[in-house]
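Q: These protein sequences, in sequence, are chains U and D.
FYI, the numbering for the first sequence is 22 to 236, going by our numbering.
FYI, the numbering for the second sequence is 22 to 236, going by our numbering.
Accuracy of the hints is not assured; some may be wrong.
No copy is singled out in the list; a pair is fine if it fits within one copy or between any two copies.
Stated by the list, open to error - Derived pair list, reagent style DSSO-like, types lysine-lysine, alpha-carbon separation capped at 30 Å:
| # | residue 1 | residue 2 |
| --- | --- | --- |
| 1 | Lys138 | Lys47 |
| 2 | Lys138 | Lys83 |
| 3 | Lys138 | Lys71 |
| 4 | Lys71 | Lys30 |
Read the hints as simulated data drawn from the structure, not as lab findings.
There are 2 protein chains.
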Amino acid sequence: MKTNATVSKQTLRRLPVYLHYLNFIKNDAANISATGIAEFFDINDVQVRKDLAVVSGSGRPKTGYVVAELIAQIEEFLGSRTETDAILVGAGNLGRALMSYNGFAEYGISISAAFDKSDGVCGTTVNGKPVLPYDGIEEYCAHNDIQMGIITVPVGEAQSVCDRLTGCGVRAVWNFAPTILRVAPGVLVENENLASSLAILSRHLREGESGGEKN
Amino acid sequence: MKTNATVSKQTLRRLPVYLHYLNFIKNDAANISATGIAEFFDINDVQVRKDLAVVSGSGRPKTGYVVAELIAQIEEFLGSRTETDAILVGAGNLGRALMSYNGFAEYGISISAAFDKSDGVCGTTVNGKPVLPYDGIEEYCAHNDIQMGIITVPVGEAQSVCDRLTGCGVRAVWNFAPTILRVAPGVLVENENLASSLAILSRHLREGESGGEKN
């Protein structure tokens, strides 16, 4: 496993998707070929082989990959032996939804605390994690060596929150606010563009009405 | 504007992202070139030109596109003159976050009701929208011609909820459960893969530690 090699963002984006598929078929299939995976997702099988080469040897001729082995290999690759603590800013419904979700541990990420500027939620806990006032962000980050921040505040506040987090040493930002964030080199922003999915679904319904459809 | 033409999923995915960028620069720039947009997102400018050709004429030599015009054209393309009502199943924190968000109207989508199997939340409203018991799904869909469903239930319930929705005539499914859903031809499932973003962020932090990094 090439733990120290650089891996493209697109490969990293696809590996969790393959993992969902492998978990989906594991009770019905002991083996799967790269071609089988490629056909399911309607992508090129050369691409699938390249992606899987990052975590596994190549599949065997005729039988392909052993599903259970491939699942374990992808999980090991995506998981981290050392867990990273993240903080979340903006404990509204979306923020609380993310705090309530325990599946992030698979990726070596744990939300350890949230921050909100509303007195109404500060002092409460969500899924055992405290919601704290904005004032405490700097001290918390310094004491806990926080490197990842999750931004679930409204658009107008997102940039100032982002500046504050990166000022505290955060180098990876997961941004749910539908806006562009400026960051210094070395900081990675991953934007969750819910709007892109909606555009596709909305268009599918309208194209269905007029007949045409294209993948 | 090619309202009846087929447009690729990838173009549909990028248009809302361009829109965020254009709104971000509109106070500082009257014009923008395809090359300028391409450089910001680190993608090919030929691709940007092709994407924008779906909603606009080509940019003018030297000056490019008028930012305000391009914003209006993308908004008109992504929006729908006829609003589509969607229902949401699973009114937990994530479901309620989506119900609370009013930005979906830009894409011609309105969540009109949610359904949940827990007595505790049924009968409540979120952002003025009712949370109703599972029993009522079929009747509600039939009476309101519902074509889009949003699934925010746990993994184990996602397929049965999906079957129930498509059985009611739903043709577009926005799936937040981290699993693969089987649907009949003609039904589009758009999976919101939060795990893919996490994989990228987590890897960025680990690559930073070992030195290497690749975009």
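Q: Now look at each hint and say whether the structure bears it out.
A: Outcome of the hint check:
no. : hint              : verdict
1   : Lys138 with Lys47 : between (45 Å within a copy, 29 Å between copies)
2   : Lys138 with Lys83 : neither (58 Å within a copy, 46 Å between copies)
3   : Lys138 with Lys71 : neither (46 Å within a copy, 43 Å between copies)
4   : Lys71 with Lys30  : both (13 Å within a copy, 23 Å between copies)
The earlier numbered hints that this structure contradicts are 2 and 3.
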